[in-house]
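Protein chains in written order, with the UniProt record's numbering: chain U, 1 to 233; chain F, 1 to 233.
No lab work stands behind these hints, which were simulated from the structure alone. Where is the CB? At the ideal position from N, CA and C, for every residue including glycine. Any given hint could turn out to be false.
Stretch-level coverage of chain U by chain F, calculated; a stretch enters the list once three of its residues show a Cβ under 8 angstroms from a Cβ in chain F [unchecked claim]:
#1 58–67
#2 104–114
#3 216–223
According to the in silico footprint, chain U covers these stretches of chain F (three or more CB under 8 angstroms from chain U) [to be verified]:
#4 16–27
#5 48–56
#6 64–78
#7 151–157
#8 186–197
Protein chains: 2
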Amino acid sequence: MHTVVPLQRATLTQTGLRTLVMRERSFAARKTLVDQARGEHLHLLVSGLAGRCHLLSDGRRQITGLILPGELCDLGAQVRPQVSASVVALSHCVLGEIPRSAVFESDRVRPACTQFVIAELARETTVTAEWLVSLGRRSAYERMAHLFCELWTRLHAIGMTDGMSFDLGMTQVDLADVLGMTSVHVSRVLKMLSKDGLLKFSARRATILDHDALCRAAAYEPAYLQAGLMQFA
Amino acid sequence: MHTVVPLQRATLTQTGLRTLVMRERSFAARKTLVDQARGEHLHLLVSGLAGRCHLLSDGRRQITGLILPGELCDLGAQVRPQVSASVVALSHCVLGEIPRSAVFESDRVRPACTQFVIAELARETTVTAEWLVSLGRRSAYERMAHLFCELWTRLHAIGMTDGMSFDLGMTQVDLADVLGMTSVHVSRVLKMLSKDGLLKFSARRATILDHDALCRAAAYEPAYLQAGLMQFA
DNA sequence: CGCTACGTTGAGTGGCATCAAGCGCGGTGG
DNA sequence: CCACCGCGCTTGATGCCACTCAACGTAGCG
């Protein structure tokens, strides 16, 4: 079907993924990028912002993870199929297709890729645990502050910040589904953050006005991210 | 320091872990089992119930994962150190020590163990994502119902249910920190569940009175667990 | 027997949801 | 060109779910 890409015994890295992309496809916001079914390809987010999306039968939606450029959309789905989560585009997205065989050999992870796969899963686990703390124990205000601290750290690590600003591309409705609140309340909390001089969010673009104060409001400790991100950079 | 246990080229399985335990230690409830520092051993929960515990500076606590007998406490910490989560005993616990070298070779996962490590991390991710949906989008009542559905499935899979009952060993305060609510409200919700004939919880023991109704109240779909659990059983 | 942890219950409060209306904007088609 | 519409955002009014505070009963335990 497709060419098997040799890995030349090199350890797979996050940046090295791009060389494995065989074909790129473009998606408008709100489109579904990956369903639960596992196909012939792994999907690398080349640009844009995507979200891991869980739907309840009555329409409630929770986004359980944000996928940034350079990350894989469906690594988890390869390892554990039949999980009812899909990946949706939160902004205009470009997706790169990587042949499954470049990372997997039958159902096993190729040895050259194991460290990478483990690191990716570990990073996802770490971020998700922090989100659990947010949803369980932080107020809407703290939660919002914490999310933007996290996003700045992650986007800065991949060179996608512009000073203290960055484009998100996602709407307030999407933010609400990340933070477990309603879009109405997202609007109000953003207004408070702006009034307090911490953060401005408008036209899908965020500007951090006072980074120290924002971190303090969120009780943000970026250590949890640096560990996972640096180990295999 | 300690003997290196040969793995005889066999794939590591969850049950196979027990043969690697070199020493067992006993802990009272509320004791800290594992700190973030990674030591010479991996810790297998032999019996009891443990929780992955995140503390905020003002005392708020969120438990981001429950560890059941047969699971490893600190696999994640081996892969990504310096994460500020500790593992605490929620009931009396017996912990088995497994030499790090049985699973890791310097900082790499031993090839014979990679599938197991990946499966464990993937299972953790799956459960955690479902908890995010609970905390973000389900009411306290639904959340509680969903947790007990999940626990019954997981405990049943390892033969630790007794009909429709099972011992948890954890208090309502612990339940509150799992579910992101106060212990006062836990008490009230449990009373409602009992009045509705779905679930009884007393003396740290749960009895599911109407499994179908409980699943319906929680909109519970056990598929997400079966995948992860069966793959390497 | 006092102490501490756990659980229950009541009264009052508040954070966030819900409902509803209105605005601005970009896209689309007549 | 403009009417129209859908979408995103904002704002106000109202209500409820869950928190807070507080008191008390109970059980296990040193």
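Hints broken by the structure, by number, lowest first? 4, 7, 8
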